[in-house]
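Modelling step: build the complete structure from the supplied sequences, incorporating the hints.
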Amino acid sequence: MRAALVDIFGTESVSDDGADYAGDWTENAPAMPAFVVRVSREEQIPQLLALANERRIPITPRVAGTNSGGLAIPSEGGIVLELGALDSVAIDPVHMIAWIGPGVTWERLKAETAAHGLRLGYPLAPPDTSVLACALMDGLSTMSLSHGSLGDWVLGVEAYLADGTKVKTGSAAASGLPWPLSRGPLPDLTGLFVNWLGTTGITTRLALTLWPLRSHRRRDMIPCVRNEDAFELMRTGARTGLFDDIAGIGWPGAKWALGLDELGPRDPAEPSQYVIADYGADTEAEIELKHKRLVELAPVAPVPVADLVALAPELEPFSDLPTRLDFLLDHEGGGLTWVGTYGPLDKLEEGAALGEAILAEAGFPPLTVTRPMKGGHYAVLRMIERFDRRSEEETARVRKVNIKVGRALMELGYVPYKCPAVLYDELFARLDPGFLKLLNTVKRAVDPNNILSPARWRFDR
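Convert by adding 34 to the 1-based position in the sequence shown; the result is the number in our numbering.
Check before you lean on any hint, since a few could be wrong.
Per label pair, the in silico range of CB-to-CB distance [to be verified]:
| # | residue 1 | residue 2 | range |
| --- | --- | --- | --- |
| 1 | 211 | 293 | 47 to 57 Å |
| 2 | 383 | 298 | 19 to 29 Å |
| 3 | 395 | 296 | 14 to 24 Å |
| 4 | 210 | 395 | 55 to 65 Å |
| 5 | 354 | 40 | 41 to 51 Å |
| 6 | 383 | 124 | 38 to 48 Å |
| 7 | 449 | 88 | 36 to 46 Å |
| 8 | 198 | 296 | 50 to 60 Å |
With a Cα cut of at most 30 Å, we get these calculated BS3-like pairs of lysine-lysine [as the list claims (entries may be wrong)]:
| # | residue 1 | residue 2 |
| --- | --- | --- |
| 9 | 471 | 200 |
| 10 | 434 | 471 |
| 11 | 438 | 477 |
| 12 | 408 | 202 |
Quick caveat, the hints were computed from the structure, so don't treat them as lab data.
Since we're looking at a predicted model, the values are computed, not measured.
Ideal Cβ positions, reconstructed from N, Cα and C, are used throughout, including at glycine.
Laid out in structure tokens, this is it:
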């Protein structure tokens with residue numbers, strides 16, 4: 035097998051040492067790949083697919099491997115396909131589109147778009163992670179309130195199916211233009227690659243929507259003593275249409291950012307949620323009007339994040355994104371995991387209370403991340419845990435917590451995004467039977483030998 039891979043990729047790009055690719059910082063069990071191959075030319079991909087089909091060897095695409103759901107963990111004895119070298123970027127400033135490869139990072143795309151007077155929203159993710167991977171997994175960003183999840187921003191892709199066929203989706207499939215300008219009006223096959231976790235094809239290009247870079251921006255923090263006040267601010271703020279983002283982070287996140295690793299119970303007089311409002315405008319007068327409206331909505335006076343950072347430089351991660359996650363990862367044992375869900379905006383109070391209680395009962399600080407999405411049509415509710423991944427007991431405990439949290443939130447109508455592997459059974463048990471049948475039918479049609487990321491979604495239940 036190694037000789038065949040070397041024929042395709044060259045000696046320097048094939049390794050049988052997969053230790054660095056077997057696991058991640060989550061509680062998900064590692065799996066050792068037989069080989070890691072690094073793509074340098076796109077035409078190597080269909081050659082690898084032909085070989086994998088012939089020998090029935092699973093392939094797991096990978097870029098940074100920093101997803102917190104265990105989604106980059108390979109199949110045991112399979113091949114990791116490292117795509118980081120495919121990092122081309124083209125910016126279409128007229129139509130406000132970025133045409134990117136999987137190796138393009140948030141940090142790089144931020145600089146590339148700013149040079150054209152454009153911007154995009156950013157997730158709570160390290161600057162050197164993959165934009166394409168996050169978009170295909172339908173992540174969120176600091177513009178998700180105004181423009182929806184990143185899956186909504188994807189206009190089309192170029193990808194290889196399991197049999198090596200190269201496909202284009204979006205309007206470029208018919209227009210002859212180098213990249214799609216819209217998802218329709220053709221049948222929407224872009225969705226065949228969004229949220230499928232690499233099980234339907236290997237995506238090598240993606241068209242992402244961009245937005246104008248406003249000349250004035252504000253980022254304010256509103257400390258809320260009660261969760262109810264924070265969530266009501268999010269709901270009312272979302273309906274104004276004035277803000278790019280209104281998101282809440284629970285009190286443990288702020289204390290960890292300040293370097294306070296050992297957290298006791300929260301003082302009832304302290305804020306339970308820190309709401310961050312992010313908004314921009316083309317004129318000073320316009321942004322002052324938006325700020326005035328935020329003051330009217332907020333239960334207490336908003337504080338500019340820049341002022342907080344000036345007083346406490348440790349809060350720099352909250353000032354701008356993308357940012358390093360040192361306050362989440364730089365701790366004893368280095369484990370980080372979460373259950374993130376999309377669901378009803380009117381059940382944030384109930385969902386957060388359930389999730390916080392489950393975490394607290396298991397001995398974990400109750401860290402939540404919340405935000406309204408797409409103008410307030412739905413919400414994000416995420417529960418985050420730091421843990422010592424060197425400890426088998428703590429790893430097992432956090433796994434049980436995530437299953438329990440996921441089960442509780444799904445009972446309220448929330449659905450996991452970037453679904454952690456530990457929740458597959460819980461989620462699939464709730465799927466509409468017709469949807470599950472369609473899911474399996476599509477998978478069998480596009481990947482009959484089940485070589486593409488077979489550890490994800492676990493079809494044919």
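Hint-by-hint comparison with the structure:
At roughly 51 Å, the beta-carbon separation of residue 211 and residue 293 lies within the given 47 to 57 Å, and the hint holds. With their beta carbons about 24 Å apart, residue 383 and residue 298 fall inside the hinted range of 19 to 29 Å. Look at residue 395 against residue 296: about 19 Å separates their beta carbons, and that is inside 14 to 24 Å. At roughly 59 Å, the beta carbons of residue 210 and residue 395 sit within the given window of 55 to 65 Å.
For the hinted restraint 41 to 51 Å between residue 354 and residue 40, the CB-CB distance of approximately 44 Å keeps it satisfied. A C-beta distance of roughly 45 Å is found between residue 383 and residue 124, which places it inside the suggested range of 38 to 48 Å. At about 37 Å, the beta-carbon gap between residue 449 and residue 88 stays in the expected band of 36 to 46 Å. Between residue 198 and residue 296 the CB atoms are about 54 Å apart, so this pair conforms to the stated range of 50 to 60 Å.
For the hint linking residue 471 to residue 200, the alpha-carbon distance of about 26 Å falls within 30 Å, and the restraint holds. Taking the CA atoms of residue 434 and residue 471, the gap is near 29 Å; set against the 30 Å cutoff, the hint holds. For the suggested pair residue 438 and residue 477, the alpha carbons sit about 29 Å apart, so the restraint of at most 30 Å is met. Proximity of residue 408 to residue 202 is assessed by CA-CA distance (about 27 Å); at most 30 Å being required, the pair is judged to hold.
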